[in-house]
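Under the UniProt record's numbering, the residue at position 20 of the first sequence is numbered 20, and the numbers go up by one with no gaps.
Hints were generated in silico from the structure; no laboratory data involved.
Source: prediction; values computed, not measured.
Misleading hints may appear alongside valid ones.
Pairs of lysine to any residue, SDA-like flavour, derived with a Cα cap of 20 Å [to be verified]: (1) K186 <-> R205; (2) K186 <-> R208; (3) K186 <-> A171; (4) K186 <-> C307; (5) K186 <-> K210; (6) K323 <-> E57; (7) K210 <-> L319; (8) K210 <-> R248; (9) K186 <-> E313; (10) K186 <-> H67; (11) K186 <-> R167; (12) K323 <-> P251; (13) K323 <-> E313; (14) K210 <-> G194; (15) K186 <-> L305; (16) K210 <-> A173; (17) K210 <-> L174; (18) K210 <-> T176; (19) K210 <-> P246; (20) K210 <-> P251; (21) K323 <-> L305; (22) K186 <-> G69; (23) K323 <-> A173; (24) K210 <-> H244; (25) K210 <-> G188; (26) K186 <-> R209; (27) K210 <-> E252; (28) K323 <-> C307; (29) K210 <-> A171; (30) K210 <-> D249; (31) K186 <-> L174; (32) K323 <-> E253; (33) K323 <-> F55; (34) K323 <-> T312; (35) K323 <-> Q257; (36) K210 <-> D195; (37) K186 <-> V153; (38) K186 <-> G168.
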Amino acid sequence: MPEGHSVHRIARQFARNFVGLPVHASSPQGRFAEGAAVLEGREMLQAMAVGKQMFLEFEGDTWLRVHLGLYGAWDFAGEILVDPTIASANGRMGQTNQRGTDLDGVILDDAGENSLTSIGAPRKTRVHVRMSEQTKGLADEDAEWPPPVVGQVRLRLLTDATCADLRGPTACALQTPDEMLATVAKLGPDPLVGDPAEGEERFVRIVRRKPTAIALLLMDQSVVSGIGNVYRAEMLFRARLNPHTPGRDVPEEVVRQLWRDWVRLLAIGVETGQMMTMDDLSPEQYRAAMASRDDRHWVYRRAGLPCRVCGTEIALEELGARKLYWCPFCQR
DNA sequence: GAACTATGCGGAA
DNA sequence: TCCGCCTAGTTCA
Numbered sequence: 001m002p003e004g005h006s007v008h009r010i011a012r013q014f015a016r017n018f019v020g021l022p023v024h025a026s027s028p029q030g031r032f033a034e035g036a037a038v039l040e041g042r043e044m045l046q047a048m049a050v051g052k053q054m055f056l057e058f059e060g061d062t063w064l065r066v067h068l069g070l071y072g073a074w075d076f077a078g079e080i081l082v083d084p085t086i087a088s089a090n091g092r093m094g095q096t097n098q099r100g101t102d103l104d105g106v107i108l109d110d111a112g113e114n115s116l117t118s119i120g121a122p123r124k125t126r127v128h129v130r131m132s133e134q135t136k137g138l139a140d141e142d143a144e145w146p147p148p149v150v151g152q153v154r155l156r157l158l159t160d161a162t163c164a165d166l167r168g169p170t171a172c173a174l175q176t177p178d179e180m181l182a183t184v185a186k187l188g189p190d191p192l193v194g195d196p197a198e199g200e201e202r203f204v205r206i207v208r209r210k211p212t213a214i215a216l217l218l219m220d221q222s223v224v225s226g227i228g229n230v231y232r233a234e235m236l237f238r239a240r241l242n243p244h245t246p247g248r249d250v251p252e253e254v255v256r257q258l259w260r261d262w263v264r265l266l267a268i269g270v271e272t273g274q275m276m277t278m279d280d281l282s283p284e285q286y287r288a289a290m291a292s293r294d295d296r297h298w299v300y301r302r303a304g305l306p307c308r309v310c311g312t313e314i315a316l317e318e319l320g321a322r323k324l325y326w327c328p329f330c331q332r
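Work the whole structure out from these sequences, hints included.
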């Protein structure tokens with residue numbers, strides 16, 4: 001259940017390992033057989049993310065649009081080049097386990113080394129990672145190649161060195177360039193696409209016009225791209241903003257603050273692979289919070305627990321068919 | 001092994 | 001507003 005940061009990480013992984021290379025495409029599960037046949041053998045030209053959508057461009061004016069939805073995930077295997085601007089390379093990206101762990105793939109351990117752990121890679125037996133020369137000592141020479149297909153793989157993309165398996169997406173479809181542009185045009189600004197200052201103006205203009213609760217606006221992908229249920233709850237708490245405040249009643253400066261917070265959280269998320277929303281804690285506080293992976297947020301999934309700031313019980317309500325967590329005192 | 005849950009979203013009613 | 005999609009980890013029996 002990835003929010004925007006995961007999708008950007010996945011796009012970057014494709015940029016490093018697939019772009020510029022011919023790709024074998026198949027649909028082991030069969031549900032994307034026609035599309036895979038179209039892509040088979042074509043060179044991947046570009047990989048980009050806009051909000052929660054990812055677009056892969058192939059030779060012949062053909063785009064692949066993928067939306068992971070609630071359950072989707074990409075599993076990478078084989079050679080996985082490490083983006084130096086990104087703290088970790090990966091096994092599994094997108095899906096996470098049910099304990100609230102929101103980590104993509106490999107993490108940095110205390111020593112600052114890349115280490116393969118099961119965190120965020122709940123089915124690590126399926127992830128045969130042969131790291132690039134930029135990492136060390138993680139060669140898996142005995143891994144079968146290409147990796148055996150396990151489970152429902154909608155789409156497998158394969159180069160000589162790297163394999164990417166897509167499972168459970170909400171959307172996986174081919175698009176013409178016009179269709180791709182039309183999809184993007186419907187999306188609100190993404191801090192990592194285009195000029196973030198322009199994005200801020202668009203965001204402010206829309207929010208300040210709407211009578212809709214700010215908690216709903218933040219989740220509306222036509223208002224702002226990439227925010228999901230976790231970032232929504234956390235951002236509203238960080239702004240100490242009542243989730244029910246109509247967009248047009250949120251002071252302009254607070255709207256701008258929300259956008260800038262999203263810019264910051266997304267950057268941290270893409271860099272670390274974690275939905276780090278408590279970055280302003282002291283190191284000691286942060287260590288304590290991280291000690292329990294189930295409890296690393298201000299309010300998300302903390303219903304009934306005391307607010308970390310004021311001790312009030314965190315509230316849980318349904319809003320727009322999603323669970324909304326907030327502190328009735330801090331966000332009054 | 002069944003039931004439950006999830007970071008999403010489109011379409012029917 | 002509700003339902004269905006579609007996957008897999010976790011929890012509980």
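task = For the pair supplied as a hint, K186 and R209, confirm whether the alpha-carbon distance does not exceed 20 Å.
result = The given pair, whose Cα atoms are some 18 Å apart, holds under the 20 Å limit.
query = Do the alpha carbons of K323 and F55 lie within 20 Å of each other, as the hint requires?
reply = 29 Å, violated
inquiry  = Just to be careful, I want the Cα atoms of K186 and V153 compared with a cutoff of 20 Å; is the pair within it?
reply    = 29 Å, violated
inquiry  = Please verify whether K186 and C307 have alpha carbons no more than 20 Å apart.
reply    = 37 Å, violated
request  = Take a quick look at whether K186 and L174 sit within 20 Å of each other, Cα to Cα.
outcome  = 17 Å, holds
query = Does the structure keep K186 and K210 at a Cα separation of 20 Å or less?
reply = The hint holds at about 17 Å.
query = Straight-line Cα separation of K323 and L305 no greater than 20 Å?
reply = Since the Cα atoms of K323 and L305 sit roughly 15 Å apart, the hinted pair holds (cutoff 20 Å).
key: K323 paired with E253 [C-alpha distance capped at 20 Å]   = Not OK: K323 and E253 at ~27 Å, beyond 20 Å, violated.
query = Between K210 and A173, does the CA-CA distance stay at or below 20 Å?
reply = Violated, at about 32 Å.
key: Hint consistency between K210 and R248 [alpha-carbon to alpha-carbon, up to 20 Å]   = 5 Å, holds
Straight-line alpha-carbon gap K210 to G188, limit 20 Å = Holds, at roughly 14 Å.
ask   = Quick one, are K210 and T176 close enough, alpha carbons at most 20 Å?
value = Given pair K210, T176 is violated - Cα atoms ~33 Å apart, limit 20 Å.
Hints 4, 6, 9, 11, 12, 14, 15, 16, 17, 18, 23, 29, 32, 33, 35, 36, 37 and 38 from the earlier list are contradicted by this structure; the remaining hints agree with it.
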